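K.L.:
Residue numbers (this note's numbering), protein chains in the order written: chain Y, 535 to 886; chain Z, 535 to 886; chain R, 535 to 886.
Since the hints were made in silico from the structure, they are not lab data. Nothing here was measured: the structure is a model prediction, and the numbers come from that model. A couple of the hints might just be wrong.
Pairs involving identical chains hold if they fit within one copy or between any two copies, as the list cannot separate such chains.
As the list claims (entries may be wrong) - List of simulated lysine to any residue pairs, SDA-like, C-alpha gap at most 20 Å:
1. LYS851 <-> ALA861
2. LYS730 <-> ALA868
3. LYS833 <-> VAL816
4. LYS851 <-> LEU583
5. LYS833 <-> ASP763
6. LYS851 <-> ALA594
7. LYS851 <-> ALA568
8. LYS851 <-> GLY669
9. LYS730 <-> ARG627
10. LYS833 <-> GLY740
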Amino acid sequence: MVALREIVEQLGGELIGDGSLAIDCIEPLGEATAGAISFVSNARYRAQLAGSVAGCVIVAPSLRDEAAARGATIVTPDPYLYYARLTQWWAARMRPARTTGVHASAVVESSARIGRNVSIGALASIEADAVIEDGATIGAQCHIGRGARIGASTRLAARVTVHDRCTVGRRGIVHSGAVIGADGFGFAPDRGRWEKIEQLGAVVIGDDVEIGANTCIDRGALGNTVIADGVKLDNLIQIGHNVRIGEHTAIAGCVGIAGSAVIGRHCTIGGAGMIAGHLEIVDHVHISGGTLVSHSIRKPGHYTGVYPIAENAAWVKNAATLRHLHAMRERLRALEERLPEPPPPPDDPQRA
Amino acid sequence: MVALREIVEQLGGELIGDGSLAIDCIEPLGEATAGAISFVSNARYRAQLAGSVAGCVIVAPSLRDEAAARGATIVTPDPYLYYARLTQWWAARMRPARTTGVHASAVVESSARIGRNVSIGALASIEADAVIEDGATIGAQCHIGRGARIGASTRLAARVTVHDRCTVGRRGIVHSGAVIGADGFGFAPDRGRWEKIEQLGAVVIGDDVEIGANTCIDRGALGNTVIADGVKLDNLIQIGHNVRIGEHTAIAGCVGIAGSAVIGRHCTIGGAGMIAGHLEIVDHVHISGGTLVSHSIRKPGHYTGVYPIAENAAWVKNAATLRHLHAMRERLRALEERLPEPPPPPDDPQRA
Amino acid sequence: MVALREIVEQLGGELIGDGSLAIDCIEPLGEATAGAISFVSNARYRAQLAGSVAGCVIVAPSLRDEAAARGATIVTPDPYLYYARLTQWWAARMRPARTTGVHASAVVESSARIGRNVSIGALASIEADAVIEDGATIGAQCHIGRGARIGASTRLAARVTVHDRCTVGRRGIVHSGAVIGADGFGFAPDRGRWEKIEQLGAVVIGDDVEIGANTCIDRGALGNTVIADGVKLDNLIQIGHNVRIGEHTAIAGCVGIAGSAVIGRHCTIGGAGMIAGHLEIVDHVHISGGTLVSHSIRKPGHYTGVYPIAENAAWVKNAATLRHLHAMRERLRALEERLPEPPPPPDDPQRA
């Protein structure tokens, strides 16, 4: 339970209404209760504003009067960003305090270097020459390989694996089950068999990167796989060897990025998008979910390639016809040749 | 090795033939040996019946005479369901007895509440205030977060993670590598960077739910992610924050469900189906494998959206043509305008 | 740092140039430094050859003169294969020595059989009757179930799970987070609920198999799931129960293979390909990434089914038109009937 005033003191914004109002939760506008603080990030939800009983609503200047007529209001240029910072402040205040130190059950090799104010959880294993920088948190049952480095203030949830010589930057978050630095998938064919190409590179992850649960980032074959500062990766993503992902790109769940692809900065890739290997995507490209990118994209923009869903019976007919699409085009062309476009009437001013 | 009589005493059905027959395995009809019990669940496999040397075959009433002419038979209205129950009985009888107690190597915080008849495996870690209800099994190397609850008789395989405050109901099964309660993927854009939205909700899982290996279910942003009773999830599924999945829905492997999607009851989603966020799917909807659902589905039924496979050379031609499909439609329309459908003959009775 | 001569002594090939040249790394041709050994595996990269400052370049006989004019050269029939073997030799030489023995923190049941020269990492758990053959490596925090078997010289990275009675052959590599032997996804419907079919089979993996990070291979329902010798599986692959994969087939990341599919030998499946259940694919079939295989493939070849990517605005138009494709074909046919192909001119010699 906090007083509304405390929120504004911490996070700014213009408070309209009673600063002593008690706030006990953050809730979406549509279901907010009297003790809740909520927000309107999108004009679409404006209709819900008047009827909401939320204790306080965070709004943009354009909704100031409308919101104030209803009750306590915080006015701020970007209510969604304000909401994000509010959740951070809330989590820091409400969550149990972090304990520091090395849990007695963790196995830490003596040559590992452990910074100040580090927390290492139960049953974690930290191999020789690993470096855990100041303020980092290593969750229970994590595995940190030989010579790996975890940056200052980075937090690894339980059961994360960071393999030999891979590095994670500062202020990162890595979720459970993520595997950083498994071997890339590289083989040379040899008379019907596959000869392993040992993966000699590593993974280098920048600052402020978040990596989702059970996501895999493979080590490079010769050089490194590189994830730049500020990249956000959701769960169950596969990133192949030698991939490079530019600053502040965000990638949704179930995406696969094949080896040696280079993704630009400030891109977004929707869920289950698939990026083929050895291609390049420039900055500011947005790929729709479920789209396969099979060649380089050299122009910023929004790209899609998804088969549209339909009732199954309709799909059956259209998909069967799709197998004849090229032939249909030939038939269409043949018809056009037999029935040439008539010349325009001689006195048509539009066509003159 | 069991006598056929024991099976019928336990599971019911009408036994035709010698109850003392020794059964030593369950096998598919096509490869069943003389010591096996098998079943015909589908008329398609009827042809295999006469030639099978299986010791006993489970059949529906419609195949009673045909099966009895062959040898020992169990007649039951639903042979596939009978087979399912037989596997359960068989597993309970054949598998090594479960040991109860807390393994000496497990790390259990003193404030965790451990019920009666609980089994906690080697090197598991159980944090403060977690609740493990009666008869639950926590596999080796599992991690149970602070304040999480595992319901009575639920079984977690080795290396499962259940994060803080998440709950799993009764009689559930969670397979290895599953991650329940990682952060949802939520960020507010801020001048080209992403500001984290702390995920303050949890995951609430009902009774009789099965969750596959390496499947991820994210915690809600403000409220909870909810998986209702009887839901079955296969491996490597991604379920985003705030998703709700209705009772007895079954979802195959590699499916992704984006944040805030609401899936009805008794639905099925085929492998690698992808469900976009913030949409609703009503009860009794069946989505084919590989289909992307991009908008709400308000009518029960079977839906598909998959590009049909072909030999690569044919695909190349048709896919290239697909890029001109809209233009083809315009050309078709133009041709139709130049060649209007002839009027029906005046005396055509079909068209009158 | 090695002398070039040592490489050729170990791996063969014809050395042109100074055998005492010091090599300190392996690098791709385009970025190779003076201390590097590099290779040209593909005529595409020939142009980079003359300008490269690499200490030594591995080439095919066709490039011998061109390469030798530049500097030290190794000539070998298959430079890519030579490169693969070079990485193996390099890794064996440069990586820290493997330690053998059972880490004090590992939990090994007394009935488990541990071979000679085995390494068992920190916090691993090995259940009763498991067999770890000579020279095998069990990484930190692995879980080996009751009666499972890990073949000679096989290496499990940290945090691998191999469940009860499953077997991995010799000289295999299994990456972190892989789950071998979770239950297959099998249920019988019972009045709107799902009755579990206990999965009584196991997983049998041949020799020289590599399995990627967080990949799942489910145990068979009655028989076994079988992965033959020499198969290579990338990360985040799902393999359902009773699947059989033939020798030396290679499967890229994010692929799903549904239950009871049978895949031939020497096949390749591109990333995010999806194989439906209960079908058969013959030997030497190549499936493009992102393709859904919905029926058996009985002829070797290259198959594809991917919706082509486009700028979003173009996609919207074409995808909308696709919903009317079958109707377009009907309209095309109607036009053709109204405008029959003209007969050939009577004196056309081409058509006579």
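K.L.:
Hint compliance check: list the failing hint numbers for this structure, sorted ascending.
P.N.:
2, 4, 5, 6, 7, 8 and 10
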